[in-house]
Amino acid sequence: MEKVLSKKVGEKVILLGNEAIVRGALESGVQFVSTYPGTPASEIGNTFYKISNLKSQISNLNLYFEFSTNEKVALEAGAGASFSGQRTLVAMKHFGLNVASDFLITLVYSGVRTGMVIVVADDPGCSSSAQSEQDSRAYSYLAHIPTLTPATPQECKDFTKFAFELSEKFKIPVMVRETTRVALQSGIVKLGKIVQGRRKGKFVKDPHQFVTMPPRVLEMKKELLEKIRKIKNEVSEKSPTNYESKRITNKKIGIVTSGVSYLYTMEALKEFNLNLPVLKLGFFYPLPEKKIKKFIKSIKKVLIVEELEPYIEREVKRFAKDANPKLQIFGKNLLPEIGELRPEIVLRAIAKITNRKLKIENSIKIKNLKLKIPRRTPQLCPGCPYWLVFSGIKTALKKMKLSEKDVVFGGEIGCYMLAGLSPHNIQDYLFCMGSDMGIAHGIKKATFNKQKLIAFVGDSSFFHAGIPALINAVHNKSNPLVIIMDNQTTAMTGHQPHPGIEKTGMGEASPKIKIEDIVRACGVKNLKVIDQGNQKEFVKTVKEFLQNKTVSVIIARRPCIFVK
Amino acid sequence: MKKDFNIILAGVGGQGIITLTRILAETALIEKKDVKTSELHGLSQRGGSVETHIRFGREIYSPLIRQGGADLIISLETQEALKALHYSSKKETMFLVNDFIKPIFGTKNTLPSKQIQKELEKFSKEVVFVPASKIVKEKLGKEVLAGVFLLGYAAFKKLIPLKPNSFLKAIEKVVPKRYFQLNKKTFTLANPTNYE
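Going down the list, the protein sequences come from chains A and B.
Numbering follows our numbering, in which position 202 of the first sequence is assigned residue number 202; successive positions increment by one, without gaps.
Numbering follows our numbering, in which position 168 of the second sequence is assigned residue number 168; successive positions increment by one, without gaps.
Bound-form chain A, shown alone:
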């Protein structure tokens, strides 16, 4: 924290990629920051949260920070601030971008007024993501949003600053896309000057720019494509973020790479003592077509090293058709599309195209080791209030002479997805935030309400995307039993506040939004707020509510052990 706020210009400090993004924003005079927490992007919000809670800092920086109810709202709020003339940063994990995408695509059409940077953290290998291994670079194409892909903490800072400049110059939001090994990589960062945001917010009316309605919307699309063309020719083609690591002539083999894959590539070349030309792309969208064509013109073989989807590879194949039709192109035929890349995977691919022998000793023997230690699965913390919900449900079912097999258990994103692991083993489906009650309703309808169903949803998840699904179940008349696991915090991602808590991202008191008031307003008739510490009442209520003909909600309210 102190390092992120250090005033010593030129000082070299160790920062995580995510902290470096915060620093980059501070060096850009950011004034409005919004986020919804999600690993591997959480430290961005957490760091701003800490800064915002330092009263001494906040007046100096003219900075506003909030945890929004979800990523779409965070993006909308950020856009509003940018329309009003303040530099804005919005951060989220990859699934958050799905939530925000409805608004994102239109926002890129209208454009923004002042610099707006959207940071998105992907999680190849799903080390902290339950639901999929998406490659968010697909949104770069879908939304036509300029996208930068840093590799190191230093680049996280530099690219964030560059993204603000680019965004402001072309009046378009810019995406900075990280991956886990960038976001949670620490390394040395050289600090620049923190710039105090000085712009007073004022929304200047301009319906021509901010009202999207046909036929104007198609004009906007035209303007957008024109911006992208300009950014490609005037910026991406010339930008030092796209560079050839070494100018080496007369080499037959070259490598094109970006993000953390670049680091594994350079490490492999160092190990083999190889001197190959490497084109590192900081811009993912729009790609510097001419620069890539020039690079592939003089070589015979090219290896594209990228994680997840072969987006760059496809483009290189396309460019090669007129730049160098005989070029041999390697990429996903040597590298996996599933899981994150690792140094040894890239080593093997480079060994292959350069006909080098690579011996990693003992690897087979170690793999086949007889002495296996079982997986150490994550556990609910000792004393976690969720233990009492799961055990209470089990007791209730026993008393009803029901087996766990007779009940469908809906899971959702939060610590309570550990329901799926031993010793609980009560989770029959798990998808995205807010999906649990929606699916429950469909199951209930399809089975004519015959199968009993208990759907778990967390407090922060409920605010995030649960409410429309609850309304749907009430309106369209099904009867799941919903248990809102209200532990009074966003626990899994590091205990951030949410609307059910009387505290904002700025550390200010705010009105508590009571979940029970919302549930009642949604038309739910069977509602009880229980501290599951009172097991007797909890068990009794589960038993009773499982028999109800209409939607039932139990708010199991007991704070996470880390909530003071």
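Among the clues, some could well be false.
[Claimed, not checked] The calculated lysine to aspartate or glutamate pairs, modelled on DMTMM-like cross-linking and capped at a C-alpha distance of 25 Å, are:
id: 1; chain 1: B; residue 1: K173; chain 2: A; residue 2: E27
id: 2; chain 1: A; residue 1: K359; chain 2: B; residue 2: E126
id: 3; chain 1: A; residue 1: K445; chain 2: A; residue 2: E508
[Unchecked claim] In silico contact screen, one side only, chain A against chain B (beta carbon under 8 Å); selected entries:
id: 4; residue: S127
id: 5; residue: P214
id: 6; residue: Q379
id: 7; residue: S422
id: 8; residue: I426
Worth flagging that the hints you see were computed from the coordinates, not collected in a lab.
By construction, the Cβ of each residue, glycine as well, lies at the ideal position given by its N, Cα and C atoms.
Following the hints, position chain B against chain A.
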């Protein structure tokens, strides 16, 4: 220094591995080396296995150590050392293992330390077991200090090419003020002249 130096820290969530990673990185920075680390956050770290990477040298690119590429593997829990074998090589790798078993939920028998040691020895240059948890619990009353003790052990025994004094400076930078004296004491306690 001949080349980059690569350290894996292995253990279980809650053992303070992220803090140890920060201390190592700051120590390398104090000695003016290039340094990279890699860690993971989130639910899977809650009571699950934790593994971080620290690399330092003249110019470091990758935040991850490659398979068979570790110089030193410090394991804060005995069974977790086996999981880090992936990074071990017969030629280069030294294991420094806390003789401390944390039972794995849902399994009845823990693996005997002796058997684990034998396996580790097959695939590494050297294996050292130190009862760090026991020592710090007896002398300082807190098991969580085992990691700092092992760092001290590695520093004083020159298993890491960084000076003990640089470590102390880094600890002061990383650890909250009120815990600094206790951590300093733990670190210096590991000096073999004090302890053997």
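What are the numbers of the hints that this structure violates, sorted from low to high?
3, 5 and 8
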